[in-house]
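We have chain A already, so just place chain B on it with the hints.
Protein chains: 2
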Amino acid sequence: MKITIIGATGMAGSALVAEALRRCHTVTALARSAEKLAQLPANPQLTTKVQDAFALTPEELGTADVVIDAFATAPSLAFQHVDLATNLVAKLRTTTTPRLVFILGAGSLRTGDDHHLFVTDIAKDPNAASFLSIPQNQLKELNFLRDVDNVNWVGVSPAADFHPGEATPFLLGNNELLFNADHQSETSAGTMAVAILDEIEQPQHQQTRFTVANK
Amino acid sequence: MKITIIGATGMAGSALVAEALRRCHTVTALARSAEKLAQLPANPQLTTKVQDAFALTPEELGTADVVIDAFATAPSLAFQHVDLATNLVAKLRTTTTPRLVFILGAGSLRTGDDHHLFVTDIAKDPNAASFLSIPQNQLKELNFLRDVDNVNWVGVSPAADFHPGEATPFLLGNNELLFNADHQSETSAGTMAVAILDEIEQPQHQQTRFTVANK
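If you read the sequences in order, they're chains A and B.
The opening position of the first sequence corresponds to residue 28 in my numbering, with each subsequent residue numbered one higher.
The opening position of the second sequence corresponds to residue 28 in my numbering, with each subsequent residue numbered one higher.
Bear in mind the hints are in silico, worked out from the structure with no lab data behind them.
Watch out, some of these pointers could steer you wrong.
[Said to hold, decoys possible] Okay, the calculated beta carbon distance ranges per label pair:
1. A:Glu86 - B:Ala69: 39 to 47 Å
2. A:Ala82 - B:Ala208: 53 to 61 Å
3. B:Met28 - A:Thr195: 53 to 61 Å
4. A:Glu86 - B:Glu203: 23 to 31 Å
5. B:Thr235 - A:Pro71: 48 to 56 Å
6. B:Asn202 - A:Pro71: 52 to 60 Å
7. A:His210 - B:Thr90: 33 to 41 Å
[Stated by the list, open to error] Derived DSBU-like pairs: lysine-lysine, alpha-carbon spacing no greater than 35 Å straight-line:
8. B:Lys29 - A:Lys118
9. A:Lys242 - A:Lys151
10. A:Lys118 - B:Lys118
11. A:Lys242 - A:Lys63
12. A:Lys63 - B:Lys63
13. A:Lys76 - B:Lys118
14. B:Lys29 - A:Lys151
15. A:Lys29 - A:Lys63
16. A:Lys118 - B:Lys242
17. B:Lys118 - A:Lys29
18. B:Lys76 - A:Lys118
19. B:Lys118 - B:Lys29
20. A:Lys29 - A:Lys76
21. B:Lys242 - B:Lys151
22. B:Lys63 - A:Lys118
Even glycine gets a Cβ: it sits at the ideal position worked out from N, Cα and C.
This is chain A alone, in the form it adopts within the complex:
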């Protein structure tokens, strides 16, 4: 398939580029930095392009079967997570192709006996103040997407600790924060990439969000 990846040079994005190429898909890697794009391993199936994701046209989006939003930004601009989602959705209303895949944070997952939003736990950690706007806005992004019924979208949340690393066996869930048998809640970028490529090749979720964690 033709897969366009927004934010292709970030932690999630670069793992997605690698996994998509490993599975012989045709990948267009978009990012704002030419320098970072040049660091992606050369591959005949890979095209790189310096691109402001907000300026993608419906026609450009329509050349792909799947567009993955792996956009990341500074906490002071966290609202752009919401704005890029609304921007992409507005350009693809009443279409079924491309499928949009949004990487969301763990903050919008539920946890505990009372199924509270995990972002409320994050907010209690003083060390999280500097980046709290990111999970807060990724929750808003999901709130927006849940009202979208005429675009082909799916969202994916990692577990509490989303970090670089190779793929491992993994657990899948829907709206509850996942923990493995050792009570760890973590997802490596490699695992996220495998779970997303599995979902792209064999869609199991439609206009909803699922979650993946390292087993």
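Okay, now just chain B, sitting in the frame of chain A:
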């Protein structure tokens, strides 16, 4: 003040143009149809412009103190109510001027002893099937706006029956559908215009929605 009105030739928009001019504001009336714009009464304080509201630039928006979204569209394109709100918000993030005023439907108001959404009552009326998408999407629009905390916005909902007509004395509320002493739930476009101009001149609501009904 400088007031830009999107959808200035519609039922709500044309009443807003008249009321704003009556109060000696400087009005820019935007609409898609030059023919309909030409039907607005000439006034030295009024500028008309054929304009796709989705293509307004941040700079164009920034020339106004207040931008009123009185956009209306066909039920088949009702999602554009959401998309125009997300578009305007994205262009005005982290600003306080212009203030954005959104005319929302009555469907997002609560009613009855159980405070259910009025849109669920609308949905039970077989005659509403042809336009149900409008209140449904105006509810989604409000859902989106309620997550926006870094743009200066306010929303206004009419009562159940929103119709042309002169301003009357009126009732104000927040999230509950309003009825007058005769158990009528109605808002004339003139009343809506007066309530909005009052709110513009003397802001009482911030990043929230209020409602107005004919007394």
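Results of checking the hints against the structure:
1. For Glu86 (chain A) and Ala69 (chain B), the Cβ-Cβ distance of about 41 Å falls inside the hinted range of 39 to 47 Å, so the restraint holds.
2. Between Ala82 (chain A) and Ala208 (chain B) the beta carbon distance is about 54 Å. The supplied range of 53 to 61 Å therefore holds.
3. Between Met28 (chain B) and Thr195 (chain A) the beta carbon distance is about 59 Å. The supplied range of 53 to 61 Å therefore holds.
4. For Glu86 (chain A) paired with Glu203 (chain B), a C-beta distance near 45 Å fails the hint of 23 to 31 Å.
5. For Thr235 (chain B) and Pro71 (chain A), the hinted distance range of 48 to 56 Å is satisfied, since their beta carbons lie about 55 Å from each other.
6. Asn202 (chain B) and Pro71 (chain A) have their C-beta atoms about 58 Å apart, which keeps the hinted 52 to 60 Å range intact.
7. For His210 (chain A) and Thr90 (chain B), the Cβ-Cβ distance of about 57 Å falls outside the hinted range of 33 to 41 Å, so the restraint is violated.
8. The suggested pairing of Lys29 (chain B) with Lys118 (chain A) holds, with an alpha-carbon distance near 31 Å, which does not exceed 35 Å.
9. About 26 Å separates the Cα atoms of Lys242 (chain A) and Lys151 (chain A), which keeps this hinted pair within 35 Å; it holds.
10. The straight-line distance between the Cα atoms of Lys118 (chain A) and Lys118 (chain B) is roughly 16 Å, inside the 35 Å bound, and the hint therefore holds.
11. About 31 Å separates the Cα atoms of Lys242 (chain A) and Lys63 (chain A), which keeps this hinted pair within 35 Å; it holds.
12. Only pairs whose Cα atoms come within 35 Å are accepted, and Lys63 (chain A) paired with Lys63 (chain B) is rejected, the gap being roughly 51 Å.
13. The straight-line distance between the Cα atoms of Lys76 (chain A) and Lys118 (chain B) is roughly 24 Å, inside the 35 Å bound, and the hint therefore holds.
14. As the CA atoms of Lys29 (chain B) and Lys151 (chain A) are separated by approximately 43 Å, the hinted pair breaks the 35 Å bound.
15. In summary, the hint linking Lys29 (chain A) to Lys63 (chain A) is supported, as the alpha carbons are separated by about 22 Å, within the 35 Å threshold.
16. Taken as a hint, the Lys118 (chain A) and Lys242 (chain B) pair is broken in the structure, with Cα atoms around 42 Å apart against an allowance of 35 Å.
17. For a cut-off of 35 Å, the pair hint linking Lys118 (chain B) to Lys29 (chain A) stands: about 31 Å separates their Cα positions.
18. For a cut-off of 35 Å, the pair hint linking Lys76 (chain B) to Lys118 (chain A) stands: about 24 Å separates their Cα positions.
19. This hinted pair checks out: Lys118 (chain B) and Lys29 (chain B) have alpha carbons roughly 18 Å apart, not beyond 35 Å.
20. A threshold of 35 Å between alpha carbons decides the hint, and for Lys29 (chain A) with Lys76 (chain A) the separation of about 15 Å falls inside it, so the pair holds.
21. For the proposed pair Lys242 (chain B) and Lys151 (chain B), the alpha carbon gap of about 27 Å is at most 35 Å, so the pair holds.
22. Under the criterion of a C-alpha separation no larger than 35 Å, the hint pairing Lys63 (chain B) with Lys118 (chain A) is consistent with the structure, at around 27 Å.
Of the hints listed earlier, those the structure fails to meet are numbers 4, 7, 12, 14, 16, in rising order.
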